[in-house]
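Chemist: Heads up: the protein sequence lines correspond to chains D and S, in order. Just so we're aligned: the first sequence equals residues 8 to 249 in the working numbering. Just so we're aligned: the second sequence equals residues 596 to 1043 in the working numbering.
Just so you know, nobody snuck in bad clues.
So, partial list: chain S residues that the calculated Cβ filter (under 7 angstroms) puts toward chain D:
(1) W598
(2) I606
(3) E878
Read the hints as simulated data drawn from the structure, not as lab findings. Owing to the predicted nature of the structure, the values given are computational and were not obtained by experimental measurement. For every residue, glycine included, the Cβ atom is placed at its ideal position computed from N, Cα and C.
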Amino acid sequence: MSPVATSDRAALAVTGITKRYGERTALRDVSFEIASGELVAVIGPNGAGKTTLLSILAGIASADAGSVSCPPRDVGWVPQQPAVYSKLSVRENLRLFARLERVADVDAAVARMLAQADLADRAGDEVGRLSGGNKQRVNIAVGLLAEPRVVLLDEPSSSLDPRQRERLWGFIGELASRGTTVVYSTHNVQEAERYADRVLVLADGELLFTGSPRELESTADRYSTGGDFEAAFVRFLHERGH
Amino acid sequence: MRWLLLKDLQILRRSPLLVVLLIVYPIVISLLIGFALSGGPSKPKIAVLNEIPTNQRTFDLGGRAVNADEYTARLFGSIDPTFVHTRADALKLVRDGRVLAAVILPADITEKLASGTQQATIEIAYNGEDAVKQRYVESVIRSRIADVNAALSKRFEQITVRYINLLLDGGSLNVFGRDLQVLGLTNAKKILDGAIASLPGGSPLRPALGQVDRFAAIAIQNLGASGAVLQSVSEPVRAQATNVAGSRRTPLDSYAVAVAVTVSLMFLTVLLASGLLALEREEHAFTRLVRGLVSRLGLLLEKIGLAALCSFTVTFGMVLALGAFFVELDWGRLPLWIVALAAGGIAFAAMGVAIGGVARELRAASLLAFLLALPVAFLALVPSGAVSSGLYDVVNGISAIFPFKPTLQALDAALNAGQRSIVGPLLHLLAVAVGYTVIARIALRRFG
Chain D
8 MSPVATSDRA ALAVTGITKR YGERTALRDV SFEIASGELV AVIGPNGAGK TTLLSILAGI
68 ASADAGSVSC PPRDVGWVPQ QPAVYSKLSV RENLRLFARL ERVADVDAAV ARMLAQADLA
128 DRAGDEVGRL SGGNKQRVNI AVGLLAEPRV VLLDEPSSSL DPRQRERLWG FIGELASRGT
188 TVVYSTHNVQ EAERYADRVL VLADGELLFT GSPRELESTA DRYSTGGDFE AAFVRFLHER
248 GH
Chain S
596 MRWLLLKDLQ ILRRSPLLVV LLIVYPIVIS LLIGFALSGG PSKPKIAVLN EIPTNQRTFD
656 LGGRAVNADE YTARLFGSID PTFVHTRADA LKLVRDGRVL AAVILPADIT EKLASGTQQA
716 TIEIAYNGED AVKQRYVESV IRSRIADVNA ALSKRFEQIT VRYINLLLDG GSLNVFGRDL
776 QVLGLTNAKK ILDGAIASLP GGSPLRPALG QVDRFAAIAI QNLGASGAVL QSVSEPVRAQ
836 ATNVAGSRRT PLDSYAVAVA VTVSLMFLTV LLASGLLALE REEHAFTRLV RGLVSRLGLL
896 LEKIGLAALC SFTVTFGMVL ALGAFFVELD WGRLPLWIVA LAAGGIAFAA MGVAIGGVAR
956 ELRAASLLAF LLALPVAFLA LVPSGAVSSG LYDVVNGISA IFPFKPTLQA LDAALNAGQR
1016 SIVGPLLHLL AVAVGYTVIA RIALRRFG
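Put together the whole structure using the sequences plus the hints.
Modeler: So, in structure tokens, the structure goes:
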């Protein structure tokens, strides 16, 4: 997972995104680029604008200013809560969304995602009867049905136990290794440190930092945090007035 | 959109309890309303003590035998009588609440009726614990007594007319078992005219007999008109029914079918449409769907279409079953039933998605649908004249913004042949459907 981001190889370029809700500015002039196959974590305190940023990239919300290079149809979207139908089976959910995505070969896409998400043996089970981890895998599988170049995941591990989380990150890591650009938001700073090639630090709608976790740690080392990434991150925000 | 439609049908198929409740509940409610409308109130249970001795139940009225049982049967026509043998039993039943009232026919009632000079009295004992029931029973008994009085008045009128005719034309009159011949005014006048004609021209008796003759002429003339006078006295007001709202009278059963089916259509469609839309948010699928997979308007139209289709199927089946087994319907108007049910279903479904869009949560949507549906139905059923004209205008104005009243009008026009056109209610439903779809579309802005 080498953190490389150049304009030539950018899978996703965001330029001057601004979003306001009345008087409040949720995002202020946010710009960045993400390369193909890169795994990027968006971190920041509550209300930083992480979900707003991902919603704009996914095409759910519109920006007041700025642009996104990738059209929403080319972006796979995995919301925080499993956005699948609990009364339908895993296969029926995949088939439904494959049809709605107008995937050329629906059966092949469903079989591929069942295999990729390791859900083939649960294909006939109603989603409502699955564990939280398996539901989240179905959720991600639906987001990947159309084989998007970029996948956005909003806090994908928030409702999972440590074992399920481990399996989830293994699955996401495989995606990135196959060339899919993955952008995810998280509250868990350790997950960003451990799995991301690059982190974007947002606070109060401002992009404060973009670079590898190691670079963030180096920056934080200046504040003598003794190598504790989370403490360094908190100190970093504090030093910048957040 | 068809994949979403199939998905929703699949979800419904896997929720049998919900589907059964959605179908059975509105049908039961609507049938109860239908029966209440067409059946009218049940007969009140009333204790009856008939103290008239069996041998006195036939009495003489103006020389003709009258059977009291014939009139008491009329009195009991609108009640469920419980016959008792003593006054104490009758009062006890009332006191214990086993009957709503007791009617006591005293032994001397036939004697007083036969006298023609005394007023007969019926005693009625009420249980005053429930004012509503007491009022209802009083109303029923007074109405029956009025019927009996009217029947007896008619009898008295016939007897009086017979005596007047006897006075006019003469004839036989039975007094204490002996037949007496009555001359009659007409015959008396003829005799008098003959007597006057036979008198000499200057007879002093002529002026006096002339006065008697003129009196006889005036009496004949006026007594001749007494029949009509007596009729107008015995029945001063007569009811003649005229329908000013159209050339037809809607049969109560057909109207009850229209009400029952409209209530079913409303509950089923509104609950289904609001629930289906709110479910998309509950399952967190809404944001995934509207980011390019389906438009927000497309999603609304899919829910409207599905809810309208399901409710149409159920209510159309209901009309067919009611028409086949319970109520006489004009099967030639079947295409109009289809149009009315489809238009009503679409309008109710649009209202449902507006509720689902505003409420956002499944439980809140269902609750709001219930809370709105019942008053909407009751308001639409308020008849003119039941409230003041100002309040009725307000009620009409409120009813106009909901699909219940135009659906009922459309279905009534479809089921019953008449002058009222179905086009007006259909256009009304179209406007209501568009209005609610717009509200739902606006509500979807903050739905995700």
